[in-house]
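Residue numbers (the working numbering), protein chains in the order written: chain A, 1 to 317; chain B, 318 to 634.
Derived from the structure by calculation, the hints contain no laboratory data. Possibly wrong hints are sitting among the right ones.
To be verified - With beta-carbon atoms standing in for the labels, derived distance ranges:
#1 B/G553 to A/L35: 53 to 61 Å
#2 A/G201 to B/Q334: 33 to 41 Å
#3 A/A11 to B/S604: 45 to 53 Å
#4 A/L35 to B/A601: 21 to 29 Å
#5 A/L35 to B/S531: 53 to 61 Å
#6 B/E568 to A/D294: 39 to 47 Å
#7 B/E557 to A/D294: 36 to 44 Å
#8 A/R207 to B/G376: 41 to 49 Å
#9 B/A601 to A/T234: 44 to 52 Å
#10 B/G376 to A/L317: 53 to 61 Å
Said to hold, decoys possible - Chain B is nowhere near these chain A residues, computed Cβ spacing over 10 Å in every case:
#11 A84
#12 A110
#13 S116
#14 E208
#15 D247
#16 A296
#17 R297
#18 L313
Note that CB positions come from ideal geometry on N, CA and C, so glycine has one too.
There are 2 protein chains.
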Amino acid sequence: MPADDVAALVAGAVEGQPRAVARLISLVEDRSPKLREVSAALASTAGRAHVVGITGSPGVGKSTSTSALVGVLRAAGRRVGVLAVDPTSPFTGGALLGDRIRMQDHATDAGVYIRSMASRGHLGGLSASAPQALRVFDAAGCDVVLVETVGVGQSEIEIAGIADTTLVLLAPGMGDGIQAAKAGILEIGDIFCVNKADRDGANSTRRELRSVLSMTGDDGGGSWKPSIVMTVATTGQGVEELLARIDAHREHLAASGELGRRRLARARREIEALALTEVQQRFAHLSGHADLDDLARQVVEGGTDPFAAADRLVQAL
Amino acid sequence: MPADDVAALVAGAVEGQPRAVARLISLVEDRSPKLREVSAALASTAGRAHVVGITGSPGVGKSTSTSALVGVLRAAGRRVGVLAVDPTSPFTGGALLGDRIRMQDHATDAGVYIRSMASRGHLGGLSASAPQALRVFDAAGCDVVLVETVGVGQSEIEIAGIADTTLVLLAPGMGDGIQAAKAGILEIGDIFCVNKADRDGANSTRRELRSVLSMTGDDGGGSWKPSIVMTVATTGQGVEELLARIDAHREHLAASGELGRRRLARARREIEALALTEVQQRFAHLSGHADLDDLARQVVEGGTDPFAAADRLVQAL
Numbered sequence: 001m002p003a004d005d006v007a008a009l010v011a012g013a014v015e016g017q018p019r020a021v022a023r024l025i026s027l028v029e030d031r032s033p034k035l036r037e038v039s040a041a042l043a044s045t046a047g048r049a050h051v052v053g054i055t056g057s058p059g060v061g062k063s064t065s066t067s068a069l070v071g072v073l074r075a076a077g078r079r080v081g082v083l084a085v086d087p088t089s090p091f092t093g094g095a096l097l098g099d100r101i102r103m104q105d106h107a108t109d110a111g112v113y114i115r116s117m118a119s120r121g122h123l124g125g126l127s128a129s130a131p132q133a134l135r136v137f138d139a140a141g142c143d144v145v146l147v148e149t150v151g152v153g154q155s156e157i158e159i160a161g162i163a164d165t166t167l168v169l170l171a172p173g174m175g176d177g178i179q180a181a182k183a184g185i186l187e188i189g190d191i192f193c194v195n196k197a198d199r200d201g202a203n204s205t206r207r208e209l210r211s212v213l214s215m216t217g218d219d220g221g222g223s224w225k226p227s228i229v230m231t232v233a234t235t236g237q238g239v240e241e242l243l244a245r246i247d248a249h250r251e252h253l254a255a256s257g258e259l260g261r262r263r264l265a266r267a268r269r270e271i272e273a274l275a276l277t278e279v280q281q282r283f284a285h286l287s288g289h290a291d292l293d294d295l296a297r298q299v300v301e302g303g304t305d306p307f308a309a310a311d312r313l314v315q316a317l
Numbered sequence: 318m319p320a321d322d323v324a325a326l327v328a329g330a331v332e333g334q335p336r337a338v339a340r341l342i343s344l345v346e347d348r349s350p351k352l353r354e355v356s357a358a359l360a361s362t363a364g365r366a367h368v369v370g371i372t373g374s375p376g377v378g379k380s381t382s383t384s385a386l387v388g389v390l391r392a393a394g395r396r397v398g399v400l401a402v403d404p405t406s407p408f409t410g411g412a413l414l415g416d417r418i419r420m421q422d423h424a425t426d427a428g429v430y431i432r433s434m435a436s437r438g439h440l441g442g443l444s445a446s447a448p449q450a451l452r453v454f455d456a457a458g459c460d461v462v463l464v465e466t467v468g469v470g471q472s473e474i475e476i477a478g479i480a481d482t483t484l485v486l487l488a489p490g491m492g493d494g495i496q497a498a499k500a501g502i503l504e505i506g507d508i509f510c511v512n513k514a515d516r517d518g519a520n521s522t523r524r525e526l527r528s529v530l531s532m533t534g535d536d537g538g539g540s541w542k543p544s545i546v547m548t549v550a551t552t553g554q555g556v557e558e559l560l561a562r563i564d565a566h567r568e569h570l571a572a573s574g575e576l577g578r579r580r581l582a583r584a585r586r587e588i589e590a591l592a593l594t595e596v597q598q599r600f601a602h603l604s605g606h607a608d609l610d611d612l613a614r615q616v617v618e619g620g621t622d623p624f625a626a627a628d629r630l631v632q633a634l
């Protein structure tokens, strides 16, 4: 087939062809002219896959945990997609992250699709780029898609916006309890996982976490109580229990109607982010009284204020 | 004067009245109906203050360092504003940050204005709310405004977008070198400060940092080479040298023309953020074919795709 025959690629992805999946995600990620065509072709592929966001501070073992989850999912015969999101610096496009060698255990397994994606710090962040990639995995028949954020940053919070279930990882002895609270990630977790549970301090991390969680109360997801699972991802200890909790959360979401609400909110944010990106591009191309560079100069020189300048942009649309 | 007579408040701020400064910042932060009026009244107050962003991972000593810098600035007879930005959770408005007791040494000094501000995770983040507060400090005659981010998150990166000079703090033994690289904050630093320099590992942190900095090269700010200063903020050790580097960077910015470029870019982002916020509000109020909830439902059900839905929004503006 021609390399970028979108209909053929989507058909190939639905049949589970790894190359078609990879090519579609590239088209999505590169924001190619074919992006809209891909989006339209994927619209009717159902939202079947369970999207699980995995977040936590650097060093807690996100990659290892993701890999361990892939292992137990595959052992159960389930198809898995992995999307690793790099919150690459918005300033250079960042080449500092070239050190990642991961997921090698699963690189040759036809039931696993693995993909890294830069979030690039653009307007809308994750919510503008990742959903299309998730749709590709979905079309390819993945039962579960694991979305892992690499490093720190806003993407830790944003991940809750694109996932059905958000898994927050912690590790003993990193002061993560309080730090996590400050970053707001405790509030986004459906399931908490204390990884490296064989290390000193694992139980006190669990205690601290349990105490903070009891303060924050219900997160609006109905009757779901965030649970805490202890794992040692490197040995696989606790990982089956972790998957059981993930599956239980999915069942809870479906039964309570929360799944539909989350997906509706997600679609809303995605549409909004795309529309705002389009508007931002139009702003950059306005001229005359609404030339953005000229308005910025006037603001710096004190000739106008930012609100008046913004009004001119909006009026000129 | 009447509490919210904007012209009188601005006149009071220019005279250095702490109450007028505090009231104006409240008007700005609360996004009150007076916000536009305040913005217009402040437009012609010059961009005289040197805005210094202070960022770094939790635990490196940002508050202590900020306080120590205030001390040496005041000793030199310079007026100082401090804006502490809380990256409060976008999900609850976050009440977890009630534990901050800070800057008490300077609370009664009339030459120091101190203010906390929530960034609230709204569209545009820091770049939509902080600049107006900075203008208030500027109008009040501050020579230097220190903007400190509390906790972690996107605000660490955003701070570079609102500051003339960005100071990145690290501390020994926190694995900060590599972590910072991942978060992209190394690329935004004009000056690096290894705080807690009396602790084990301070020199190896400096070495690691120097090595990473030599890889990233010049940041586009002309001939400025990011420097590394060692401090013990709790005792004041190295803090005068830190201020000297901050002043040197300001001189470099002015001499190279980079100051003007950074401020132009900042104004541009600010205008853009305000305009996009306005557009986003309009999106939320569209109806009929462009009703956002209805479009989201169609996307979830596979009846349309997000790009087509976004097009409808933009067209309906």
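Now the hints, each set against the structure:
no., hint, verdict
1, B/G553 to A/L35: 53 to 61 Å, "holds, 55 Å"
2, A/G201 to B/Q334: 33 to 41 Å, "violated, 51 Å"
3, A/A11 to B/S604: 45 to 53 Å, "violated, 38 Å"
4, A/L35 to B/A601: 21 to 29 Å, "holds, 25 Å"
5, A/L35 to B/S531: 53 to 61 Å, "violated, 38 Å"
6, B/E568 to A/D294: 39 to 47 Å, "violated, 29 Å"
7, B/E557 to A/D294: 36 to 44 Å, "holds, 42 Å"
8, A/R207 to B/G376: 41 to 49 Å, "violated, 21 Å"
9, B/A601 to A/T234: 44 to 52 Å, "holds, 47 Å"
10, B/G376 to A/L317: 53 to 61 Å, "violated, 45 Å"
11, A84, "holds, 13 Å"
12, A110, "holds, 27 Å"
13, S116, "holds, 14 Å"
14, E208, "holds, 13 Å"
15, D247, "holds, 22 Å"
16, A296, "violated, 4 Å"
17, R297, "violated, 6 Å"
18, L313, "violated, 4 Å"
Going through the hint list in order, the structure does not satisfy hints 2, 3, 5, 6, 8, 10, 16, 17 and 18.
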